[in-house]
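Could you slot chain B onto chain A? The hints should help.
Listed here are the chains, written in short residue letters.
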Amino acid sequence: MNPTLPVGADYVRILPEIVLSIFGMAIMVLDPLVDEKKSQQLLGGLGLIGTLAGLVSTWIMAQSPGFAFWNMVQVDGFSVFFHVLVIAIALVLILTSYEYMAVQQLRAGEYYGLILFGLVGMCLMSSAVELVLIFISLEISSISTYILAGFRRRSATSSESSLKYFLLGSFATAFFLYGVAMMFGATGSTNIDAISAALNSGKVPLLAYVAMALMFVGLGFKVAAAPFHIWTPDVYEGAPAPVVGFMSTAPKAAAFAVLLRIIFEANAPGRFWLIWLSAVLSMTLGNVAALVQDNVKRLLAYSSIAHAGYILVAFAAKPELGAPAVMFYTAAYAAMNVGAFAVVSHLANENERYVTLENYAGLGRSSPILAGTLTIFLISLIGIPITGGFFAKFYVFSAALQSNLVWLTIIGVINSAIGAYYYLKIIVVMYMREAREEVPVLPIPLALRAALALTLAATVYLGVVPGRMLTFVQQSAQQLLQAEHTSAREQVGNAAVPRATQ
Amino acid sequence: MTPSLHLWLIPILPLIGAAINGFFGRRLSRQTVSAVALTFCGAAFLMGLYVAARFPSLELPHAEYLGHWIRSGNFMVNFEFYLDQLTLVMLLVVTGVGFLIHIYSVGYMWEEGGFYRFFSYLNLFMFFMLTLVLAGNYLQMFIGWEGVGLASYLLIGFWFTKDSAASAGKKAFIVNRIGDFGFLIALFLLIKHFGSLNFSQLFSSIAQQPAETAGVGLLTSIGLLLMVGAAGKSAQIPLYVWLPDAMEGPTPVSALIHAATMVTAGVYMVARSHVIFGHAPNALTVVAIIGTLTALFAATIGIAQTDIKKVLAYSTVSQLGYMFMACGVAAYSAGIFHLMTHAFFKGLLFLAAGSVIHAVGGEQDMRKMGGLRQYIPWTFMTMTAATFAIAGFPPFAGFFSKDEILARAYEANPAYWFIGVTTAFITSFYMFRLWFMTFFGDYRGREAAEHGHAPAHGHGHGGHGDPHESPMIMLVPLMILAVLSVIGGWVGIGGRFEHFLSPVFGEGATAVATEALSRSTEITLMVISVVAAVLGFYLAYVLYLKRPELPQKIADSLGGLYQAVVNKYYVDEIYGDLFVKPLVDGSTRILWHGVDQGVIDAAINDTADGARHVSDSARQMQSGNVRSYAGWVAVGAAVIIAYMIWMGVR
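The listed protein sequences derive, respectively, from chains A and B.
Each residue of the first sequence is one higher than the one before, starting from 1 at the first, in my numbering.
Each residue of the second sequence is one higher than the one before, starting from 1001 at the first, in my numbering.
The following block holds chain A by itself, in its conformation from the complex (with noise of 0.2 angstroms):
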């Protein structure tokens, strides 16, 4: 079968991609061309646009679920659970930004639109199924957040944070192409479905074993997991406040939406230790070295690493348990963390000068709004019930032991009752300390109750009613299993080979 031409429904399926594509593109037109003043809240109000048309767009896609561009892409439920999330959360990103630029007066600028551009590589990362577009979306991917991170430009610390991430970022994609190249050797396809298709009839080739460590590798870093989370803490302290909130969940639940393809559908040979050993690794490194952590940002950070060390629990569990689990994991840590975020860059303030654990002292009395929305948010990082960070726990390590993985599971207990008290640490401090130095509490401005709002009525809704969800990620997840026994099979004999020895 020849290469044909695409048609209108291979637009339709990455409509998302073009339609945030062109909003980025005309806030990076319009830039030079508005006036500085106005240009927070046009190109802010543009950005805001574009995730809402991106939304639509998403649904509309949602549509027509199938293959697109000689199945190079796949919309199917997963996709469609992963472009929502990340739109999701960068229209909160948005909303939180909106005042934060301005206090930090910084240039909104090309920052709208890089933020469009990288959730282009994202939502592509999700629906990609095949290995080479999926490398060149997580660099559209990397590539804005390298530069996002560094966008406080008169900071000695956001700049070093950007250089770190992105020289550690490249070292760590190289590691993935490289992974492709040899999956490609061991497999002849960069094909997600026709890999699995040959992994998973004879002999796996060690070629393949190797190639699946380094993707693995590449993928770790992104995720911020064990061993390859030492980037994490530094580059999250000098970032921009919303934009680590960013980080922490969008480009993070895109890889995870990666690793889901990888290791499930794909059925990766020889990654149950790995794995294992990973999340043990990230779970107890982050959550120990939280314990002693004073910025709240470098805490928030360490926390995200043992975050990932959950999620990655749910991969080491039996897949049609763990896919819904991560799925949900991932979406509720965004909620809670956004939101956790999305306070703290508004009491950052002028040059992010508020972020130690010392400046939330009687924040309870100052601002109870503020103190009650992220003590919520953190009783949910915690995992306490009627909150989404519980069930998300719940889920996962019902699911690691309905696999059987017992000690996983109980190292996973014991990792959460250890992270109750750093996050403890936070309420106590803004209820029950005096405040030793005045910090000035901005008014809350309407886009930034907003954000909060939304992240707290997402976070309460998964804790509260979470079957709908849960209803929805396990469909999803049924799709992305199937296909491994179902299209993979027919691909083998057409489009996909060929097309990949070509």
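Simulated from the structure, these hints should not be mistaken for lab results.
Hints may be right or wrong, so weigh each one.
On the chain B side, residues computed to face chain A include the following (Cβ under 10 angstroms) [unchecked claim]:
id, residue
1, 1026
2, 1070
3, 1071
4, 1139
5, 1149
6, 1150
7, 1170
8, 1177
9, 1180
10, 1187
11, 1189
12, 1626
13, 1629
14, 1639
Backbone N, C-alpha and C define an ideal beta-carbon position, used for all residues, glycine too.
Relative to chain A, chain B alone:
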């Protein structure tokens, strides 16, 4: 099909109260705040009474289904409420005692800051506690379980300006987390093996399984894990350490949460899970042993405490031990009976202690009290009733329930009984010690005040002369509870209470009770426990009233042993050295300074010289780091690749 009683209203009512006070309380007057809190809590109590009135006409167990909550595959959890005899007892105890304590709190907290906040938390606690009690499945129970922990944390730390209060709250929370995770793992195991968390489904499918008599099988593991959860919440060995510290909270909180209701949740949970424990006799034995040891251990610590609330706190731990001892010998109804009478007399003891503390201007040290019976006669009288009840004097409430437990323990194993009676003697001794030190002799508070002693308590009454009686709003709940402490045990005469609960726990348990002990043995046991109580009373009388110089001499002659008891056997210190310090030190020194900053740099700098060019462009930043980080990534990658190659060639 029995009609719906709208059970969901019972927890929701206090939640509404909590919401109103939480959101608008700041702008409301104290009168309005207390009216709101009392109305919604009282309404829940009325609902409880209504349920009790309708009870005979119900088909039991009565379940009310509100809609599905989680449905995934064939695993389903619903919003559902479950009512049987056990629930009814708990429901009435929680709402009844809870309501009385709400009334008392209005008087006690009147002059405190954060009045609305206090009542909002208190109502929130009621919501979670009632959710726990009325839950129709383990997950809903767990929500209530975690929720009461949260409310308790908020209330312990209520006087957050005190450092000790803040850290006590944190300690309670963390220790409870450990227990909660035992509970959680038990739930996972139940889901995995039985595919349900619903009480009726779960218990009927477990009932069909054979009992696990040898080794640690599935049901035994589940039972043990549930017990870990119960030990956390109900302050049993080894997780009891948080409860004495929790006394930093306002006294009504200690009465409600740390004596009458929340801490008994563990007992309730074990009793609720009696089907599981019934099939796991080994787990049940562990429950009995933990309960028995805790009862004795905590009672001995109680002897040497001088803070009036600390004595009561250790006493609570010890009494909870009795309840677990009862559950452990499968005498669940005896355990629940003691739970009920304990709610009356221990709730009363705390409230009366609060009234004492109130009277002497915030002083909690019993050495600075004495002779108070002339100043606060009502408090004295009510507290006397409670003291006799806990010491086990007939015909007070505690006598019946404790006697029931001891008789059943004797049947199971005389060793339990022996420790139980010893504990009863010690209990009687330390309670009368408290009673004599507080109410008899001469008032010792004045000289202390003249020596410039500042009240340790946050309660702002300092600097007044004679102790004074509390207002009526505080005394009325005391009197009602005093009446209950006297007559509350009479429902157990002739095994009526046990019979009432027998549909829940099965007739089998009742049948054994009536057969096993002959009438004469039963009376002998009863006489022995009364003698133990009287001996305790007499010893306290001699030591603390007649010859008050003796205790010091005895303490001196005991030396190290006495010191060990005063310092609570150094358990807090041991835990600190064993668990807390290594964790914090390890994370500070090794993981953070070490792995993050030191070791990696040192190790990598040697090997990663070749990678120097990477960071040349970044000379002005802490250039070592990026290089070492990259080195770390490289080492990790190398290990993983090596492992995968090994997997491949294997």
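query: Taking 10 angstroms as the limit, does the beta-carbon of residue 1187 (chain B) come near enough to a beta-carbon in chain A?
result: holds, 8 angstroms
message: Given residue 1639 (chain B) as an interface hint, is its Cβ closer than 10 angstroms to any Cβ of chain A?
response: holds, 8 angstroms
- prompt: Does the nearest C-beta of chain A fall within a distance shorter than 10 angstroms of the C-beta of residue 1170 (chain B)?
  reply: Holds: closest Cβ of chain A sits about 6 angstroms from residue 1170 (chain B), inside 10 angstroms.
message: Is the interface hint satisfied for residue 1071 (chain B)? The criterion is a beta-carbon contact with chain A at less than 10 angstroms.
response: Holds, about 6 angstroms.
Chain A contact restraint on residue 1070 (chain B) - CB to CB distance below 10 angstroms: With a minimum Cβ separation of about 5 angstroms from chain A (threshold 10 angstroms), the hint on residue 1070 (chain B) holds.
query: Should the interface hint for residue 1139 (chain B) be scored as holding, given a Cβ-Cβ cut-off of 10 angstroms against chain A?
result: holds, 8 angstroms
query: Does residue 1026 (chain B) pass the interface check with chain A, least Cβ-Cβ distance below 10 angstroms?
result: holds, 9 angstroms
message: residue 1629 (chain B) was flagged as interface toward chain A. Is the shortest Cβ-Cβ separation under 10 angstroms?
response: holds, 5 angstroms
query: Hint check: is the beta carbon of residue 1626 (chain B) less than 10 angstroms from a beta carbon of chain A?
result: Status holds, d = 5 angstroms.
Status of the residue 1180 (chain B) interface restraint (C-beta, 10 angstroms, chain A): Cβ of residue 1180 (chain B) sits 8 angstroms from chain A, so the hint holds.
- prompt: Does the interface hint hold: is residue 1150 (chain B) within less than 10 angstroms of chain A, judged Cβ to Cβ?
  reply: At 6 angstroms from the nearest chain A Cβ, residue 1150 (chain B) passes the 10 angstroms test, so the hint holds.
query: Against chain A, is residue 1177 (chain B) within 10 angstroms by beta-carbon distance?
result: holds, 5 angstroms
The structure meets every hint from the earlier list without exception.
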